[in-house]
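261 is the number that the working numbering gives to position 261 of the sequence shown; each next residue is one higher, with no gaps.
In short, the hints are calculated from the structure, not lab data. Don't be surprised by glycine CBs; every beta carbon is placed ideally from N, CA and C.
Computed spacing ranges between beta-carbons, pair by pair: (1) Glu-177 <-> Lys-100: 19 to 29 Å; (2) Glu-27 <-> Gln-58: 41 to 51 Å; (3) Thr-211 <-> Pro-257: 47 to 57 Å; (4) Arg-110 <-> Ile-182: 32 to 42 Å.
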Amino acid sequence: MKKNLVMSFILIFVIITSFYGPVFGEELNDLYTKKEEIKTQQDEAVTKLEGVQDQLSQTLQQILDLNNNITNYENEINGLDEEMIQLQNSIAEIEEKLNKAEEDYEKNKRVMDNRLVAMYESGETTYLDVILSSSSISDFISNYYLISLAAQYDIDFLNEIEEQKRSIEENKKQLEEQKKQINEIRENKEKASIILQNTKVMKDSYVAQLTEEERIKQQEIDTYQQQLNEIEAEIMRIAIQNLDSQYIGGVMAWPVPGYTVISSPYGMRVHPITGIYKLHTGTDIRAPMRANFIAANDGVVVKAGMNAAYGNMVIIDHGGGISTLYAHGDEILVQTGQTVKKGDVILKVGSTGYSTGPHAHFEVRINGSPVDPMPYITSLGEENSEENN
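Please build the complete structure, drawing on both the sequences and the hints.
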């Protein structure tokens with residue numbers, strides 16, 4: 001009998017309030033649309049900013065590589081300069097030896113020439129005269145041997161000077177060729193270093209340009225965020241302003257279609273996690289992960305986010321001081337300020353917050369205070385109610 005009176009009261013309340021529509025109207029919808037547009041623009045700006053930052057990072061790495069290459073070239077050029085100094089010193093020493101050898105050669109050649117001329121002009125005894133004037137065979141052999149040695153010495157001496165001169169000239173030629181090659185290598189490295197320096201200057205300029213683009217994009221994002229914050233504040237202002245508006249009306253829908261087992265009803269109980277005996281402010285409906293958690297009636301989302309105890313949660317205002325709460329979700333599918341219709345999927349069932357397993361925690365609140373939700377929703381599942389200890 002008492003139950004019938006409660007249901008009769010609900011039906012009368014529904015009939016009276018069903019004539020009132022949503023109280024948030026076009027102004028809130030316009031704000032939500034504008035919020036979405038600004039959020040889209042902000043997302044585009046963030047994407048562009050990330051692109052600029054990627055380019056900036058790549059360019060900075062390229063500049064670092066260029067600096068390393070320039071340093072390597074400069075070190076190689078310095079090494080070549082030192083090698084050139086050593087070669088020049090070697091060439092100077094060889095030239096000095098060559099000059100000395102040429103002087104010795106010319107000097108000895110002149111001595112030899114002068115001696116031959118003098119011998120010819122003065123009629124001095126020649127090597128042949130010495131041999132022919134020998135008094136005996138043994139004397140002849142001795143004189144011949146000595147003259148041969150003297151003649152061979154002169155020939156060997158001149159040949160040695162000639163060979164020394166040729167060797168020195170060959171070494172000088174090789175050093176000059178090596179010097180030429182080093183000069184060519186040095187010139188090429190200097191050209192490469194100049195090219196790298198010019199490239200670095202261009203890269204530095206590009207970095208300055210990208211840095212400025214980064215600053216501008218970040219400024220745009222900050223501006224968009226400020227606009228979003230202002231819209232959020234306006235949405236909340238309107239939502240709070242309309243908390244005392246008329247209830248949208250109608251019996252609320254069962255919040256988890258297809259799943260009717262109540263694992264823990266509204267009322268006093270020992271909390272399964274904290275162990276404290278306290279009021280359980282809603283009804284827990286057993287359901288698997290990712291099952292649909294729907295809006296029990298039309299309204300406006302006044303909160304959609306994470307809470308330490310409730311986990312992922314959504315609160316919908318239905319007008320007339322009546323709101324519903326949906327908790328422990330795996331994924332939130334709506335945003336604060338969004339207008340929803342009865343039956344819209346707003347959450348996916350989960351086990352976030354203070355939860356021992358996947359289930360749907362559903363509350364009805366009157367002026368912010370939780371009440372037993374069962375009188376406000378269809379009686380579906382009531383006969384399957386069971387309590388978990």
